[in-house]
Amino acid sequence: MRYVGARVQRVEDRRILTGRGHYVDDVQLPDMLHAAFLRSSDAHALIVGIEVAEARLSPGVVAVFTGQDIKALTKPIEGGIQMPGLKTPEFYALATDRVRFVGDPVAVVVAESRALAEDATELIGVEYDPLPPVATYEAALDPSGTTLFEDLDDNVVYRVAKTYGDLDGAFRDADRVVRGTFSQHRHANVPMETRGAVASYDAGSGEFTYHASTQSPQGLRHFLSSLVGIPMERMRVLCGDVGGAFGLKGYVHREDVALAAVSKVLGRPVKWIEDRNEHLLASGQARQETVEIEGAVKEDGTLLGLRVKLVMDQGAYPGVPFPASLFTGTISHLFPGPYRVKGYSFDGTVVATNKCCYVAYRGPWEVETWVRERFLDVIARELGLDPADIRRKNMVNGDADDRLITGASLADVSSRRSFDRALELVGYDDFRADQVIARAAGRYLGIGFATFIEGAPGPADMRGGPFSNERARIRLEADGHLLVITAQAPHGQGHETTLAQIAADEMGVPFEHVRVIHGDTQLTPFSLIGTGGSRSATWASGAVLHTTRAVKDKVLAIAAEMLEISPEDLDIADGVISPKGVPQKSLPLAQIARQAYMSPTTFPAGTDGFLEASEIYTGADITGSGWSGGTHICCVEVDIETGAVSILRWIAVADCGRVINPAVVEGQIRGGVAQGIGGVLYEHSAYDETGQPLATTFMDYLVPTAAEIPTIEIEHLETEPTGGVDFRGVGEAGAVVAPATLTNAIEDALVPLGVRIREQHLPPSRLLELAGIIDSRG
Amino acid sequence: MTSEIVRLTVNGRVREALTEPRKTLVDFLREDLHLTGTHIGCEHGVCGACTVLADGVAVRSCLMLAVQAKGAEVTTIEGLEFEGKLHPLQEAFRESHSFQCGFCTPGFMMTAMELLNEGLPFGERELREHLSGNLCRCTGYQSIVDGVLLAVEKVARGQSSTGTDTIPEGSPAAEDAMP
Amino acid sequence: MKLPPFEHHLAGSVEEVVGLLAEWGDEAKVLAGGQSLVPLLSFRLARPAHLIDINAISELSYIRDGTGLEIGAMVRHREAERSVVVGAEAPLVAAALRFVGHTAIRNRGTVGGSLAHADPAAELPTVLTALHGQVVAQSRRGTRVIAAESFLQGFLTTTLEPDELLIATRFPPLPALTGWAFNEFSRRSGDFAICGAATVVGLGPDGRVRDATLVFSGVGGTPVRAVEAERAMVGEIPSPELWATAAEKAAADIDPPSDLHGSAAYRRQLARVLARRSLHEAYDRAVSVA
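Residue numbers (the working numbering), protein chains in the order written: chain A, 329 to 1106; chain B, 2 to 180; chain C, 20 to 309.
Don't read these hints as lab results, they were simulated from the structure. Treat each hint with caution, since some may be false.
Residues of chain B placed beyond 12 Å of chain C at every Cβ, according to the derived structure [said to hold, decoys possible]: (1) E5; (2) V15; (3) G46; (4) G72; (5) R129; (6) V153; (7) R158.
Chain C side only, calculated, beta carbon under 7 Å to chain B, not exhaustive [said to hold, decoys possible]: (8) G31; (9) S205; (10) G223.
C-beta atoms are modelled at their ideal positions from N, C-alpha and C, and glycine is treated no differently.
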């Protein structure tokens, strides 16, 4: 293993650092037009009339399309993952008769420049008849209230209720029942690159090229083809560099459908680049869930049972293909975490409200870790126990028969190891001693920790679903170099580097001789998800590993015949095939490759000279527990005069199996933690009670900066290489566990003031309210 | 709106184009001069992705009108390499795995360039505050901080291409020179 | 968003500017650094038909000391921040400037522009008020000097007439035995302050407070002077309790707004804390120059 495990410098940096990336806004095509959307400023209203005549005459305008125009050109937005009982309304790319959130697109102008298109949107007259806004859970659940969609009876789009184990017994045997209601606030992915695309229909050939910024080029192609009516064989999605996504860009957005339809009609390329205002208003938001929880516990801290009731705010329109309701599945399965319980119930309700669409955001199930880990601290405090002891009491050891009460095996899970190590690294007992001294001096120091598990890929009994597979295509080129074509759609994960590391090691060629390509649907194999769900480390790596092996086997079979040596006795190193221990008798890979292209029929009989392979990898030789996860721990100080939180130390003990590239893994963890910190202290996609958004610029939606995010120390719990596919996903980890880690530390700091943290957004003013320093009535 | 000819020096080359006065410098660089290395992240001067050097100092090119840049000497990320050789700052960022998706990178690069050019000493705390005008969503900043600190070391040790304003843009040798 | 259309005029002299302003009045906006104006244009909240660009008027780029300090309208924040003269004559200004946004903003933003923009959360209007400064406005009708309190009228509103150009800012000299301080609290490094406190504390030869000025940013439509609290400090013996009491009084006297970043109660709390910290710091400075 020369490359896997090493901090190989990134292939991507070659262009990223020199300003030669190719992001979708860099696409400039001849004859290209620009689109701007007119969006609703009402949260909920009927569209009584829309007048576009003046806009059509505005300088530089080529066309104006209303919702009715787009409706005539496209199918309703559909194709999302189906779940029994999921209610999906009918809706189109643009609002037709009704707007349902501030930012709902009602018309699209196409003009010679974006500026001219925007000028024209101001000339469009829309007459709205306001409807009562539905902006809270209560309003959404009110049976006598307003319904967002006429084809649904109410605003509840999904309900699920499940019970596991002996729930009644757990509560019967309890010494007490601890209760709490915990709320997460709406916040958002906010990649640095907004959404955008260039839709380019060539009327002459009927070819449609959609230049996209997406996490799933094949998924996008599939949906656009269907919704806009372009045969798949004529539909090509091209995705170059993507400036971040975090789940947002795994969707076919309504704007995508509108843009494609418009280009098809005009027969010219049309570009739409979302500006930041639109982005914060209308791209996608996440995390708005509230959980009511009851825990059956014994006085000694033993956790017996959990009753969990969750409400999730999906915004107005469901996202395709991953509706908000989908995530209740993972939330409910993972909720008990790596802890023993005898009984557990989960009751989930998803409601529609007049807000922006709820999209997947880096670990869309994060609420389960936040509430569970928060609740464990709450239980500890109520019982007068140390939060660490509560974990020690209940955390599984990863024994062979350890299992989530919801089914999946927890055998070999390293949670306990990561927990012990995290406390050791931070010097837990020393911190507690320092805390006593600090408190006496009037300083509020706190420590918080959280342990999480992630099914990336999960144990064998969790695999086997529709996403437990991945394709790759690999070709040995005539010069002995390797072309790896992946279904992944990286947006910062460094797949051009990590997958090349795997292929280079497996094939036995220099890293520099491997090229990974992605993003062009004419070349790439199919994947609905593309990059998401922390899947690439296992699934894409496994696919690349096995597909490379398939090409290698072909090459070795040929070389074996030529050298008259058994293939098992041949090695490939540095692009040269030689018998083990007999380097003099060697055959350059390039020689076989050239022969394969130039004189394919000269190969020995019985060998396959077509030096390409395409495989669907379905999880062969995935080794280890299957669980990714770990424990994070942080120390904070709260300034009780201003409410400011300083993060003094942050340690991540991470288990993602075998690490392909430590620098990439560390970057993923730190980035995720930064987003988790951002959610707790800075970021809020706030709406008022009438559904008006309050954070629509970067002056109000606060992304944390280098001055707010601390240094994060990382220790990997690595496993010995098994020769199998022992890489596990880590993309979402930091974001999933950071909010719990931080909010636990904040409450710990404020224990002397009797503060109870039951909400995730803790800006300074809120902390002072909770601490009783200021009045919450303003 | 009366269009104006904007003539300025970008990465050492004199460039010129006709533009509406309402066009920002960043749009002018990207659309009229086809220098797409500088990115747009917010158009309200907060995220810093559009940062370039104008007459030696870092500016938000989304908050400058193109017509305000007449006669200016502008350096963008494309102007840092010299004859295919990376600037020590670029090398330091590469060795430190500073970036992921790359969208914020041009802004950080030019903000850091200003800092390096000034040559004043700073510690990590100060550096983080200086960089707080550039947003990154991928990295959590630590790798970027490491990269700048490494760049300072490299410059101090004298490992440099000059990376000055006389660099010709789009040097074809660059592709080959990088390992 | 992209900017709305406008005519751009690069002026060569102050005379030219005031001529254009006389003609267009409030259909025109003056473009200096653009760091406040261009975002407003980008949000399409401002739609002037004409932009009068004053960046080429070199006669507006000066820093002059004499009796007090005079800074020409086009002096960039960064230049003023680093100026030895400003540091010596009006150190409160230099200190406050370090809080203005980020370097890239300060490289372009101007002292004149910031004051004409009059954002109550900004540093310079607050410091101008604390130092009893003035602005100089010129029009075709002549020149007039406007004291800070008369100049800053409301949220993003000054008493500049539509035909007037702010050409300079004046900061009177600080008397002997005077200390100053500026503290602000923002949620992130470089953000607009939720609240800031600028103070100037002068001591008499007997060591008692001779005069005190305490001005808050972020708590009203303009910088807000805590006049009652100031009065209560005059003639008193300096002590931590005096500062705490004055801060308490100052916080009680303001009527701050509530928004996404903080409630009125929170701003009042910040005002109390920052006032106390600033008064203490200003006093320490006063005695250290004694």
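Violated hints, by number in ascending order, as checked against the structure: 1, 3, 4, 5, 8, 9 and 10
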